[in-house]
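Peer 1: The chain contents come next:
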Amino acid sequence: MAISFDKALGEMPAQLSLYSKRSSLLASNLANADTPNFKARDIDFRNVLAAASGDQMALHTTRPGHIGGSDSLLSDPEPMYRIPTQPSLDGNTVNTQIEQAEFAENAVRYQSTLTFLGGRFQSLKLAIKGE
Amino acid sequence: MSLFDVFGIAGSAMSSESVRLNVTASNLANAQSIGPDEASTYHARHPVFSAVMQSLQGVESPGVGVRVDGIVQSQAPLEQRYEPGHPMANDEGYVYLPNVNMIDEMSNMISASRSYQSNVEVLNTSKQLMLATLRLGQ
Numbered sequence: 127m128a129i130s131f132d133k134a135l136g137e138m139p140a141q142l143s144l145y146s147k148r149s150s151l152l153a154s155n156l157a158n159a160d161t162p163n164f165k166a167r168d169i170d171f172r173n174v175l176a177a178a179s180g181d182q183m184a185l186h187t188t189r190p191g192h193i194g195g196s197d198s199l200l201s202d203p204e205p206m207y208r209i210p211t212q213p214s215l216d217g218n219t220v221n222t223q224i225e226q227a228e229f230a231e232n233a234v235r236y237q238s239t240l241t242f243l244g245g246r247f248q249s250l251k252l253a254i255k256g257e
Numbered sequence: 010m011s012l013f014d015v016f017g018i019a020g021s022a023m024s025s026e027s028v029r030l031n032v033t034a035s036n037l038a039n040a041q042s043i044g045p046d047e048a049s050t051y052h053a054r055h056p057v058f059s060a061v062m063q064s065l066q067g068v069e070s071p072g073v074g075v076r077v078d079g080i081v082q083s084q085a086p087l088e089q090r091y092e093p094g095h096p097m098a099n100d101e102g103y104v105y106l107p108n109v110n111m112i113d114e115m116s117n118m119i120s121a122s123r124s125y126q127s128n129v130e131v132l133n134t135s136k137q138l139m140l141a142t143l144r145l146g147q
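So the protein sequences, as listed, match chains A and B. Counting in the numbering used here, the first sequence runs from 127 upward without gaps. Counting in the numbering used here, the second sequence runs from 10 upward without gaps.
Any given hint could be a false lead.
As the list claims (entries may be wrong) - Computed beta-carbon distance windows for the label pairs: (1) A/A128 with B/D78: 54 to 62 Å; (2) A/A227 with B/M111: 31 to 39 Å; (3) B/G102 with A/P210: 48 to 56 Å; (4) B/M115 with A/A227: 24 to 32 Å; (5) B/G146 with A/G256: 15 to 23 Å; (6) A/P210 with B/N133: 37 to 45 Å; (7) A/P162 with B/S49: 26 to 34 Å; (8) B/Y103 with A/Q212: 38 to 46 Å; (9) B/M97 with A/T222: 38 to 46 Å; (10) A/I224 with B/G79: 27 to 35 Å; (11) A/G245 with B/M111: 52 to 60 Å; (12) B/G146 with A/G191: 20 to 28 Å; (13) B/S49 with A/D170: 52 to 60 Å; (14) A/G245 with B/D78: 24 to 32 Å.
What the hints assert, rightly or not - In silico contact screen, one side only, chain B against chain A (beta carbon under 10 Å); selected entries: (15) A19; (16) M23; (17) R123; (18) V131.
No wet-lab data here; the hints were simulated from the structure. Cβ coordinates follow ideal geometry from the N, Cα and C atoms, glycine included.
Modelling step: build the complete structure from the supplied sequences, incorporating the hints.
Peer 2: Have a look at this one:
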């Protein structure tokens, strides 16, 4: 029986890349906190993850011209605009506090996935060495 | 690797905010720079920010950085003061004061320094995440 790294790691590498994409989005929101007419964007994480783990009905493509379903959602999610809580005069929709909180949460999630991934590698090592 | 983008984005924001701090410092420093006429007297300056798409080797990344599009001079009218004894006074005895609004400048300064701080925080967090990723599996 061969050890399949893809199966052993599961969705965690894709999750990490999604978290890092999201951190770059949140960083750009924070960077543009003072830019006029800038609209804050974010990834709807719940939907992306639900689609990736097959909880949602995916679009089935039977011909090359058909618009695909959620296959590429995890690797290339569509960022969406945040609904502003309070309007500002310069058209900017960044709420620094919300962005900071989301960024911190995203960092913790990234770190926890990283820890799980590290644990998975430890188990693989253990299995390979057989000690 | 999107975490690398964060360095560019937060870095661009930090440099823009430091330009803003710089301009605020120059406004505050020149708040009392009296001049003989409207044109040669100091006008308050303000930076204009704009979002700039980050793209690495032609690949569009989701991140959006920020840059300073330019520095605009305030068009608010200057205050004239009648001081015939002043060495800068014109023929009618008037001197012109800069249109620097102290309250505006102070609030701008606080806003710029807070934004700078939050970007430093973002940079630090991303750095720690990257270092943790490098240590993965050890």
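Peer 1: Could you run down the list of hints and mark each one as holding or not?
Peer 2: Outcome of the hint check:
1. A/A128 with B/D78: 54 to 62 Å: For A/A128 and B/D78 the Cβ distance comes to about 57 Å; the hint holds.
2. A/A227 with B/M111: 31 to 39 Å: Holds, at about 33 Å.
3. B/G102 with A/P210: 48 to 56 Å: Between B/G102 and A/P210, where Cβ atoms are some 52 Å apart, the hint holds.
4. B/M115 with A/A227: 24 to 32 Å: holds, 27 Å
5. B/G146 with A/G256: 15 to 23 Å: holds, 18 Å
6. A/P210 with B/N133: 37 to 45 Å: For A/P210 and B/N133 the Cβ distance comes to about 28 Å; the hint is violated.
7. A/P162 with B/S49: 26 to 34 Å: Since the Cβ atoms of A/P162 and B/S49 sit about 30 Å apart, the hinted range of 26 to 34 Å holds.
8. B/Y103 with A/Q212: 38 to 46 Å: holds, 44 Å
9. B/M97 with A/T222: 38 to 46 Å: holds, 43 Å
10. A/I224 with B/G79: 27 to 35 Å: Check passed, 30 Å falls within 27 to 35 Å.
11. A/G245 with B/M111: 52 to 60 Å: holds, 57 Å
12. B/G146 with A/G191: 20 to 28 Å: violated, 43 Å
13. B/S49 with A/D170: 52 to 60 Å: Since B/S49 and A/D170 have Cβ atoms about 55 Å apart, the given range 52 to 60 Å holds.
14. A/G245 with B/D78: 24 to 32 Å: violated, 48 Å
15. A19: With a closest approach of 6 Å, the B/A19 hint holds.
16. M23: The hint holds - B/M23 has a Cβ within 10 Å of chain A, the shortest such distance being about 8 Å.
17. R123: holds, 8 Å
18. V131: With a closest approach of 5 Å, the B/V131 hint holds.
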